[in-house]
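Asks: With the hints as your guide, set chain A onto chain E.
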Amino acid sequence: MHDSRTTRRKFLVAALTLGGAAATVPFLRSSQAWAASDADMPSVMVKLARRLFPHEDMADTVYSEVVGQVLATVASNPATAGLVDGATRVLDSAGSGSWFDLAEAEQLEVLRATENDPTVVGLRETVRFVFYQNESVWKHIDYPGSSKEYGGYINRGFNDIDWLPEAE
Amino acid sequence: MAKQFDKSDSSIVVVIGSGAGGGTLANELAQKGIDVVCLEAGKRLTLADVVNHPPTMDARMGWHDKRVGNMVWVCKTVGGTTMRWSGVTPLFQEHEFKALSTYGQLDAGTTLIDWPLTLEELNPYYRQAEDKMGVSGTHGIPESAETNNFKVLKAGGRKIGYKEITASRTAINPVARNGRPGCQQISFCNSGCAIGAKWSTMYTEIPAAEATGHFELRANSMVVQITHDAKGRATGVVYKDKDGALHEQKARAVCVAGNVVETTRLLLNSESSLFPDGLGNSTGNVGKHYTRHTFGIAFGLMPKPVNFHRGTRQSGIILDEQYHKPERGFAGGYIIETLGVDPWNVSNAVGGWGPENTVFAENYTHLAGIFITGEDPTEARNRITLHPTERDENGLPVPVIDYRDHANTLAMREHSMKKSRELYESLGATHFYGGDIPVGAHNMGVARMSADPKDGVTNRWGQVHDMENLFVSDGSTFSTSAAANPTLTIVALAIRQADHIAERMKTKSL
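Here the protein sequences come in this chain order: E and A.
According to the numbering used here, the stretch in the first sequence is residues 1 to 168, in order.
According to the numbering used here, the stretch in the second sequence is residues 1001 to 1510, in order.
Since the hints were derived computationally from the structure, they do not count as laboratory data.
The beta carbon of each residue, even a glycine, is placed where N, CA and C say it ideally should be.
Honestly, I wouldn't trust all of these hints.
[As the list claims (entries may be wrong)] Computed footprint of chain E on chain A; a stretch qualifies when at least three of its residues, placed anywhere within it, have a C-beta under 8 Å from a C-beta of chain E: (1) 1021–1033; (2) 1253–1267; (3) 1271–1281; (4) 1303–1315; (5) 1357–1371.
In isolation and in its complexed conformation, chain E is listed as follows (with noise of 0.2 Å):
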């Protein structure tokens, strides 16, 4: 198939984080009123980062750090910056009420509605891209990261797989 979505997605993605010449994320204006939480915004990117990658055992302070993060690194391109509060505006436009307070069934669906949002697309792309460069992260998945400084995997397990099927 040819998914223009990932490839948009990926675009994004390389816009957001390589800081390219082709760095313009679309951000959508909503003429509709929206309500926004009294919660803060770390807060609610905090519940929004685990609604999108539901690490059911992750600590929640592993979500802000990851939180942290991504508000810097949009934070410092001008091309981005208008990101997390144009994606929590779409965020909240499109439900009963702002998105933080919402029961978490109608928090879901109002994702699915506007996952194909390029606002919300472009946060959660960016969200992607630093929760699973995070070393925390890595370590709940038990990757252990670069390899180099250990010498590799020769004499460290790259064949150490015991459970297949014997071979005829």
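Replies: Okay, now just chain A, sitting in the frame of chain E:
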């Protein structure tokens, strides 16, 4: 050691690009005593610049200039995309040189042709390329070690009836050879090999060429135009250095190996009153027939740990599906290869969000991975053009890449994903993801070799039909895509082209 040539020296051969095609061609010519200037748009890295972190290396060596349309995934650095390539070196099969004769034209949109050369003719050059690159399991080189990810592929492959399964045929040293060390199973070879166990022109062909005294590498040199005289003979190139200053280098012959997008742009951007549609484009084929393989990616969530981050990313292949078996519902075949990627690439490939996405990264240690590369029919509509108005930071027209999968490609991908699922489920996989990789990493076809000039841009030696001393030396010359990862064939064709150029220089016909 490294020589310096005068810009007015019109006896030299200019090679544009230092990757698989350009780097190899330049070294082969220099070894024969032919003077070569190699112009490379990217900078020269060292092994110390290679870190084991894919996003960092993509920023460091990826080609991120502005493009419109479909994404491509290539490098802008000395060594070109051989810094990134996986090292997998399957051979073409005989029928893949005869796409039109074997498959017939698939529909009104496809533009299949037969290659103007045969497997038999390329075989001696395949052997030289294998030896040069150090392909495991050939030329007395040991077999590659079997990684966990490969062992899963092999066990599942056997369970569903596959026979041609090997961890070898990869240009990654199993043991030290030719001054390069054996593989340490560091992983994510696509970030560049930090120890140089994987063949890349950056630390093989380029320094070997420099040692001849017949070669000069100019990095940070972006060629913007190929010049020619009133008779249509190439006379040199104009390039921009890192400070933006323009230079002209005279040449006896010019060889273009910029990888498909840049090769197209350079040929089209060199338009003149003599060649108003661009160089080599008198029959309108430059940029057309752009093909990038049937790609696929699959993850199986296995019942117990695999740890596919330990070891070579693409550490083995299954060849049973490479044959042309029309009863499967599509023309041509595909190759099943292992794939191991970092956590972000897992999440990004699966796409979407929520538990259906997260289950894969959550169980990162239990993932096994497959990469599919298969034949993708050439079509006139799949093409690269230049944007009429948009310009990049070099003042060059921005390339516009227009590629859509053919129905044959969709059917092949679906078949490959069904087989991948069967393979992993035969070993108890609890979850499976299979899908497309909508990125051009294997770019081919835009200056293809054709027996008849009306069907392509270059002749059987990669010489532009319209110009006797202008050559194309990268994957652009592939007449059709075949299934195999293209690098080995690019290298074999470059060695063959060097022989041809040397012969013509000897007989004064160049």
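Asks: Work down the list of hints and note, for each, if the structure agrees.
Replies: Quick rundown of the hints versus the structure:
1. 1021–1033: violated (count 0)
2. 1253–1267: It is violated: at least three residues are needed, and the segment 1253–1267 of chain A offers just 0 whose Cβ sits closer than 8 Å to chain E.
3. 1271–1281: Our answer is that it is violated, as 0 residues pass the Cβ test (under 8 Å) against chain E, missing three.
4. 1303–1315: holds (count 8)
5. 1357–1371: holds (count 7)
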